[in-house]
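Visitor: Sequence:
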Amino acid sequence: MAFIIRLFMRSMSSSTTTASAKKILVKHMKVIGGGLMGTGIAQVAAATDHTVVLVNQTEDILAKSRKGIEESLQKVAKKKFAENLKGADKFVAKTLSSISTRMDAPSMVHSPDLVVEAIVENLQVTNKLFKRLGKFAVEHTLFASNTSLLQVTSLANSTTKQDQFARLHFFNPVPLMKLVEVIKTPMTSQKTFESLLDLSKALGKHPVACKDIPGFIMNHLLVPYLIEAVRLFERGDMSKEDIDTAMKLGAGYPVGSFECLDYVGLDTTKFILDGWHEMDSKNPLFQPSPSLNKLAAENKFGEKTGDEHYKYK
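For the sequence shown, position 59 matches number 59 in my numbering, and the numbering has no gaps at all.
Keep in mind that the hints are not guaranteed to be accurate.
To be verified - DSS-like cross-link-like pairs, simulated, lysine-lysine; straight-line CA separation at most 25 Å: (1) LYS161 to LYS131; (2) LYS201 to LYS27; (3) LYS178 to LYS78.
For the record, the hints were derived by calculation from the structure and aren't laboratory data. Quick caveat: nothing in here was measured; it's all calculated off a predicted structure.
Turn these sequences into a full structure, and let the hints steer you where they fit.
Guide: Encoded structure:
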């Protein structure tokens, strides 16, 4: 009997080791897209001892991306090494040395453990990218999209590596926001899912998971909440200032609805809402907002264009 128990325990230990060994330890990443999200992801990865290749279409964009990362790192270092200037300089230099830049995306996927896409929210463009990347990637490479809008399953269907595809959604600003949404499709393997959970933790983030639904967790809850605030104002029920004050003092939110809209961007919010409306036009939560459409048509996007709903103290 004791012999049988020892065999059983040995078998369980072996199974656990084997299951653990199946997961991909992500150390080398490629980030496609040198915009706000792509640079944020690259910065956080490099600062946590990952090597990163940041890919975009032009040298000018990549130069701006690298400058933005350096400026962001200096802010982080100023807080992290308040009384240690040498330590701050060393941190910035070490992190920057872990980031290289390239323009040719397909040729850059020969060796990475993970490729993260952070480009335009366009299904056709993104599918074309993943279809090309899949032809060049090594066998173990995982693929992830940072999309806020597109259905992950639709993106996964564009590649032959459907079991190695998931959504890894960071939040802006990436260096500060702790949340990461890890979304698996029906084809995503458990190995891929667990590998991305482990990576999120290694990046100093807190991962959460949900099914492949519009907006996933955060945006599925946040965008309808923001649009309902706009509708209250459109109907003349209350002022923007009173709506924001109510949410901050009554619900304990750090910022009000319109403050959040201005920071996220009216163009971004409208883009997400329009995409959902196209997918499900009868859903009352996804109905367009006349005032939001008007402001976006006038290129008034909030903080990024200096057209906030009101001047904040």
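Visitor: Now, for every hint given, state plainly whether the structure supports it.
Guide: Checked hints:
1. LYS161 to LYS131: Holds: LYS161 and LYS131 sit about 10 Å apart, inside 25 Å.
2. LYS201 to LYS27: holds (13 Å)
3. LYS178 to LYS78: The given pair, whose Cα atoms are some 20 Å apart, holds under the 25 Å limit.
Against the hints set out earlier in the document, no violation occurs for any number.
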